[in-house]
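Visitor: For reference, the chains in residue letters:
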Amino acid sequence: MDVRFTSAGDTAFNVEFGEAIDRATNARVMALHARLKADPPPGLVETVPTFRSLLVVYDPVATGRREVQAAVEAALAGSTAVPAAGRSWRLPVCYDPELGPDLAGLAGALGLAAERLAALHGAPEYFVYMLGFMPGFGYMGDLPAELERPRRREPRLRVPAGSVAIAGRLTTVYPWESPGGWHLIGRCPVPLYDGGRPEPVLLAAGDRVRFEAVDRAAFDRIAGEVAEGRFDPAGLRAAP
Amino acid sequence: MTVAADADAAAANADARPCLTVVRPGLFATIQDLGRFGYQELGMPVAGALDPLALRLANALAGNPPGTAGLEIALLGPVLRVDAGSVRVAAAGPLAMTLERPGQAPEVLAPHRSHTLRRGDLLRLGAVEGAAVACLAVAGGFALEPVLGSLSTYVRAGVGPLGGRPLADGDRLPLGRGEAPAGPDVELPQPPDYGTGPLRVVLGPQEDRFTEAAVATFLSAPYRVGKEADRMGLRLEGPALEHRGTADIPSDGLVTGSVQVPGSGQPILLLNDHQTAGGYAKIATVISADLPRAGRLRPGDALSFRAVAVEEAEAIRRRQEQAIAAWIQAIRPARPAGGIDLEALYAENLISGTVDIVNGGSDLPLA
Numbered sequence: 001m002d003v004r005f006t007s008a009g010d011t012a013f014n015v016e017f018g019e020a021i022d023r024a025t026n027a028r029v030m031a032l033h034a035r036l037k038a039d040p041p042p043g044l045v046e047t048v049p050t051f052r053s054l055l056v057v058y059d060p061v062a063t064g065r066r067e068v069q070a071a072v073e074a075a076l077a078g079s080t081a082v083p084a085a086g087r088s089w090r091l092p093v094c095y096d097p098e099l100g101p102d103l104a105g106l107a108g109a110l111g112l113a114a115e116r117l118a119a120l121h122g123a124p125e126y127f128v129y130m131l132g133f134m135p136g137f138g139y140m141g142d143l144p145a146e147l148e149r150p151r152r153r154e155p156r157l158r159v160p161a162g163s164v165a166i167a168g169r170l171t172t173v174y175p176w177e178s179p180g181g182w183h184l185i186g187r188c189p190v191p192l193y194d195g196g197r198p199e200p201v202l203l204a205a206g207d208r209v210r211f212e213a214v215d216r217a218a219f220d221r222i223a224g225e226v227a228e229g230r231f232d233p234a235g236l237r238a239a240p
Numbered sequence: 001m002t003v004a005a006d007a008d009a010a011a012a013n014a015d016a017r018p019c020l021t022v023v024r025p026g027l028f029a030t031i032q033d034l035g036r037f038g039y040q041e042l043g044m045p046v047a048g049a050l051d052p053l054a055l056r057l058a059n060a061l062a063g064n065p066p067g068t069a070g071l072e073i074a075l076l077g078p079v080l081r082v083d084a085g086s087v088r089v090a091a092a093g094p095l096a097m098t099l100e101r102p103g104q105a106p107e108v109l110a111p112h113r114s115h116t117l118r119r120g121d122l123l124r125l126g127a128v129e130g131a132a133v134a135c136l137a138v139a140g141g142f143a144l145e146p147v148l149g150s151l152s153t154y155v156r157a158g159v160g161p162l163g164g165r166p167l168a169d170g171d172r173l174p175l176g177r178g179e180a181p182a183g184p185d186v187e188l189p190q191p192p193d194y195g196t197g198p199l200r201v202v203l204g205p206q207e208d209r210f211t212e213a214a215v216a217t218f219l220s221a222p223y224r225v226g227k228e229a230d231r232m233g234l235r236l237e238g239p240a241l242e243h244r245g246t247a248d249i250p251s252d253g254l255v256t257g258s259v260q261v262p263g264s265g266q267p268i269l270l271l272n273d274h275q276t277a278g279g280y281a282k283i284a285t286v287i288s289a290d291l292p293r294a295g296r297l298r299p300g301d302a303l304s305f306r307a308v309a310v311e312e313a314e315a316i317r318r319r320q321e322q323a324i325a326a327w328i329q330a331i332r333p334a335r336p337a338g339g340i341d342l343e344a345l346y347a348e349n350l351i352s353g354t355v356d357i358v359n360g361g362s363d364l365p366l367a
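Respectively, the protein sequence lines represent chains B and S.
When we follow UniProt numbering, the leftmost residue of the first sequence carries the number 1, and every step to the right adds one.
When we follow UniProt numbering, the leftmost residue of the second sequence carries the number 1, and every step to the right adds one.
It is worth saying that the hints were derived from the structure and are not from the lab.
Note that beta-carbon positions come from the ideal geometry of N, C-alpha and C, so glycine has one too.
Stretches of chain B that chain S covers, calculated by requiring three or more beta carbons in the stretch to come under 8 Å of a beta carbon on chain S: (1) 3-14; (2) 45-53; (3) 56-65; (4) 121-132; (5) 201-215.
Using the sequences and the hints, build the whole thing.
Guide: Here it is in structure tokens:
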């Protein structure tokens with residue numbers, strides 16, 4: 001299948017595997033990412049996987065585009081090593097109208113009861129296509145087609161940290177309070193970014209996520225444990 | 001020993017640690033190194049010094065490795081008190097500095113040379129004029145704990161030293177060494193040359209998402225930095241750039257220097273705190289040799305763009321590295337205008353017995 005190289009100046013280039021946001025395209029991105037990570041050519045700084053392309057960052061003083069692209073082409077032609085299987089997570093989410101201020105309005109617009117919207121959102125195992133926007137912000141798909149809505153016309157200036165949100169065929173959990181245009185349908189009490197953890201970012205591209213509905217009492221209890229430093233997110237890892 | 005006494009002893013030890021104490025924080029001073037690479041796949045921006053050339057030169061003057069973290073100062077700098085036996089500092093960039101030493105008249109300190117300060121001195125960093133930022137390096141660097149391998153500060157998410165925020169009143173910036181290094185203060189013979197003319201870009205990665213007229217306009221029209229300008233990027237004002245179809249693409253990776261164009265057609269030049277990925281088509285990327293210039297741009301500054309090929313951009317960068325190495329090589333013992341810096345000379349003589357006032361490092365006996 002055709003691969004396209006596009007320039008991002010003299011420190012990076014993209015390896016594009018198409019235009020589509022789908023698992024098959026993303027699997028090729030992740031496979032190349034894994035291969036270059038395992039066997040980096042000289043002068044490689046890092047690689048950044050996104051939906052359908054891999055950004056290859058290099059040091060133009062130590063090497064050059066020609067050399068790095070040749071190494072990437074060789075990696076592409078080499079064995080079709082599959083990326084390491086991602087981890088599996090179960091993230092608690094409270095679908096409470098107070099914590100998900102768009103829940104009721106969005107359910108109305110979709111012609112669904114709020115409970116039905118929550119059940120549909122909680123049904124699939126999501127795939128983390130990529131991280132971006134802010135540290136730890138995962139773009140997860142695919143959202144059930146019944147829940148597909150464009151982003152809000154007026155982005156919020158302040159989305160609370162932990163907000164569980166949807167837009168298009170994607171869902172996410174905001175790791176930080178930040179501006180944001182996605183629809184807020186609930187809240188996760190576990191921080192997706194915690195500078196106090198050895199690995200501050202919880203999710204990685206390629207991970208899989210299930211949302212588990214919890215009631216307000218359980219949400220408050222977990223939030224309290226997090227605040228007191230007693231919550232170990234390793235407990236959210238599902239058995240492989 | 002009681003727990004309370006232990007705590008007191010620990011506090012006393014902490015107080016005794018050599019540091020620079022922030023007496024006034026200035027408007028926006030952050031600790032930065034050359035960036036937090038390696039974590040963009042987690043959505044972690046690179047951050048780092050907007051003007052990496054200034055940081056590297058300040059570090060060279062302070063005798064540090066090039067990537068040592070220093071202070072990046074925007075607008076108006078902090079006032080720092082020396083709570084260490086002595087410390088050597090050096091600034092690069094258009095930074096006003098004054099030394100207030102007890103019992104002496106305030107003394108203006110020049111950038112692009114080092115200065116050796118002693119306990120109790122107040123270093124008053126003033127306005128940054130003519131560029132967005134200047135850098136201050138301290139010999140030995142700051143004894144701070146790196147976050148994900150870097151001392152760069154990413155304020156938006158509070159990542160980095162000092163909790164990822166700018167300097168605040170009363171901050172104590174621990175120093176990597178308690179005394180200034182031996183030897184005279186040094187200077188750059190000339191301020192660094194950042195070059196002039198259009199910022200050079202490599203077209204792409206999505207130049208094909210723009211009309212031919214838009215690409216031609218981008219490469220010829222004058223632009224101006226708008227009011228919305230920060231460490232994330234600069235909104236540019238000038239002729240709108242027309243997309244072929246929509247401005248939206250599946251989000252892909254960004255670099256410092258990416259020029260993304262949202263639906264409004266007004267380009268945004270992304271700087272060090274840019275997000276790791278974005279969904280707007282990017283018409284071009286500023287080449288790495290011109291990023292120090294881009295990082296110095298302020299609201300109201302005029303700019304334009306000229307295209308070069310990737311190979312040319314790489315060659316320009318390698319030539320620039322040779323020039324920087326030559327400037328660093330030319331660093332020499334500092335001599336104030338009008339004569340020899342006798343204080344530095346005597347200090348050097350006391351330590352080594354000999355100094356070459358012209359070239360440094362020879363064995364011309366003076367004492």
